[in-house]
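So you can see what is in the structure, the chains are spelled out below.
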Amino acid sequence: MTGRLDVATAVTVIRPGRSLHVSPRELWDFRELLYFLVWRDAKVRYKQTVLGALWSVLQPLLTMAVFAVFFGRLARVPSDGQPYPLFAFTALVPWTYFATAFSAGAQSLVGSQQLISKVYFPRLIIPLASVATPIIDFAIAGGLLALMLLWYGITPWAGIFLVPAFALLAVAIALAATLWFSALNVEYRDVRYVLPFALQFWMFATPVAYPASLVPEVWRPLYGLNPMATVVEGFRWGLLGTPAPGAMAAVSLVVVTMALVGGVAYFRRMEGTFADVI
Amino acid sequence: MSSDLALRVHGLGKRYEIGARPRRYGTLRERIAAAAVRPWRRLTGREPVAGPPTSIWALEEVSFDVRRGEVLGIIGGNGAGKSTLLKILSRITEPTVGEATIFGRVGSLLEVGTGFHPDLTGRENIYLNGAILGMRKAEIDRKFDEIVAFAEVDAFVDTAVRHYSSGMYVRLAFAVAAQLEPEILILDEVLAVGDVHFQKKCLGKMNDVARGGRTVLFVSHNMAAIQRLCTRALLLDRGRVVADGATSDVTGRYLSGGARPAFVAAARTGEPQIVCVMLKDAAGRPLGRPVITAPMVIEIGYVLPQAAPGTCVGIGILTADGAPVFSSDSRDAGVVASGAADEYLARVTVPADTLLAGDFQLAVCLWNERDVLDLQEPALTFSMDPGASPLYQQLARRTGVVQVRCAWKIETTTGVGV
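The listed protein sequences correspond, in order, to chains L and S. Going by this note's numbering, the letters in the first sequence line up with residues 6 to 283, in that order. Going by this note's numbering, the letters in the second sequence line up with residues 362 to 779, in that order.
So here's chain L without its partners, still in its complex pose (with noise of 0.2 Å):
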């Protein structure tokens, strides 16, 4: 009666290193788990908290603040002619969703120890869920961003349909990088560990804080191999109309591709064993 039970007279066969390799078919018959699961944890997480969805918007505006004063004020990092907290949070929109959707990636498997040790369903449902979930985020502080171009008085371009393929690359870097850290975090647990640090390490070498026009024009395709430099750039350019990130974009493209291969290659050699690992 239902659509499932057309598969259901499929045979599956169980054997060594195949029984757990997903086609994308069996990934679709399973995207209602996907739902359920970005749904819970969307629920979940405000729940018991007194300011609630407002916390989406609260961390990248306190940030923004934290920016302006040191960054704006008083060491007075260029801001490519833009006001700073404008600039500032231009870019922190889309590095907020990414340092989150990555860091509640890397422990998605780990976390969910007891799903995967009772259950069978396609493993990639976890990272996914974990990427996606921050996107409910990512669009109530985007909603915030348009709040303030319109009070800095910016008339949006052209740049601005081309903002969502740059959130679109967001999401595919943050799936990479979940794929292959949590997957690492299930053997190797010092990955908990590093993932403040690398983090840390990884928004300083973002021009969050300040332009990208202060690296050298040579070097600025080579800062393309952060693609999160891409993101925020394109970000800014979009919105406020700054440089274009050019060719560095070019090399992020390759880079977020390859790493999205090898993450998804990675992650469903290493399934196999998650059960027993983990």
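By construction, these hints were calculated from the structure, which means they are not laboratory data. Note that CB positions come from ideal geometry on N, CA and C, so glycine has one too. Any given hint could be a false lead.
Pulled a few chain S residues facing chain L out of the computed Cβ check, cut under 10 Å [unchecked claim]:
(1) Tyr-377
(2) Lys-448
(3) Leu-450
(4) Pro-456
(5) Thr-462
(6) Thr-475
(7) Leu-679
(8) Thr-680
What follows is a list of derived Cβ distance ranges for each label pair [claimed, not checked]:
(9) S:Pro-479 - L:Tyr-157: 43 to 49 Å
(10) S:Gly-440 - L:Asp-195: 28 to 34 Å
(11) L:Arg-20 - S:Gly-748: 49 to 55 Å
(12) S:Asp-605 - L:Tyr-198: 48 to 54 Å
(13) L:Lys-52 - S:Pro-666: 55 to 61 Å
(14) S:Ser-689 - L:Arg-20: 53 to 59 Å
Dock chain S against the given chain L, drawing on the hints supplied.
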């Protein structure tokens, strides 16, 4: 040809890596350190000393077929490989060798309430848990009322489950799971939940499932449940299939295979202690398999290293799955043992025609008014043999565990009043 087959398992094996220092779960540092010393080892000619075996086979050469509609019980002691087998068939973990082919949609229930979140309400958890078990939202919508009614939590459906009593929690979890309608159902010990009333309800539901023509694989330590539900049983021992056949034969073999005919304490503790327990016949000969028509003598040796006045000895007889049948102690018979520091031998005679044929456990206890001094539970296990009992002449089986000599009288009523 395979149309009536639900499952075919062929040469399945699973090896786990263990060893003195687990290879898994290591840290990056260990990996790097190991890589760094490797060239050194080669230079100095020192190879690492071989430790104890670093892997075990949790499952080895397991092969069996399950036909559609069969309810297969899988039994065996701890570490026999039952859970590993279910995990492989549920696709939670991979086999190391071999192959299993499943014809149809599988639903597996290795635990009740997997993925329940304490902060979510009952309603929310029903949807979440249903999705985790592989149900569609539309399917859960349809069955929602039934789930709530079965779990008896109507009034609390919108309360966070962390406020639930543990009973309500497992009832809700089982109720969701009970709605799973795959063609092949894999179950692990899930019946051990809730109070007696709810367990009955669960068993009833299980019966429906089993009778409904679905293929079921069922792991349990509860032999009564296995016997009631399963048409066939598989006995695993240290990863291998050692028996496969009719449920009563296989469970019988399991229970007797684990029989401990006598108990002898491993060491003297210097405390009041039960040192040996043995079954004997009326003539004092050791008894391998007691017969229901003859009395059985239980000999209990115990030691009191210091004077311990008021010490009592007691026995308890339990069924193989742990339900108490009766208990008795020295005070019942008005026997007062001297509490002086010494070694003692207590003899308890269980009269003939008390127990029916079946498997039993014997528990022995030593205590005084304040404390339990020593408890062996079970001290030993035994099977009662029907022997030549007339009870077993007419009927192949008698249900129950004890025999009671009831008085019977049957008269004609037509002649009355004439």
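Hints, verified against the model:
1. Tyr-377: 7 Å, holds
2. Lys-448: This interface hint holds because 7 Å falls under the 10 Å limit.
3. Leu-450: Status holds, d = 7 Å.
4. Pro-456: Because about 6 Å separates S:Pro-456 from the closest Cβ in chain L, which is inside the 10 Å limit, the hint holds.
5. Thr-462: Nearest chain L Cβ about 5 Å off; hint holds.
6. Thr-475: 5 Å, holds
7. Leu-679: This interface hint is violated because 31 Å lies over the 10 Å limit.
8. Thr-680: Cβ of S:Thr-680 sits 30 Å from chain L, so the hint is violated.
9. S:Pro-479 - L:Tyr-157: 43 to 49 Å: 44 Å, holds
10. S:Gly-440 - L:Asp-195: 28 to 34 Å: Distance hint for S:Gly-440, L:Asp-195 holds at roughly 31 Å.
11. L:Arg-20 - S:Gly-748: 49 to 55 Å: Holds, since L:Arg-20 and S:Gly-748 (Cβ atoms, about 50 Å apart) stay within the stated range.
12. S:Asp-605 - L:Tyr-198: 48 to 54 Å: At roughly 50 Å between Cβ atoms, L:Tyr-198 and S:Asp-605 fall inside 48 to 54 Å, so the hint holds.
13. L:Lys-52 - S:Pro-666: 55 to 61 Å: 59 Å, holds
14. S:Ser-689 - L:Arg-20: 53 to 59 Å: Holds - the Cβ-Cβ distance for S:Ser-689 and L:Arg-20, about 56 Å, lies within 53 to 59 Å.
Hint violations for this structure: numbers 7 and 8, all remaining hints satisfied.
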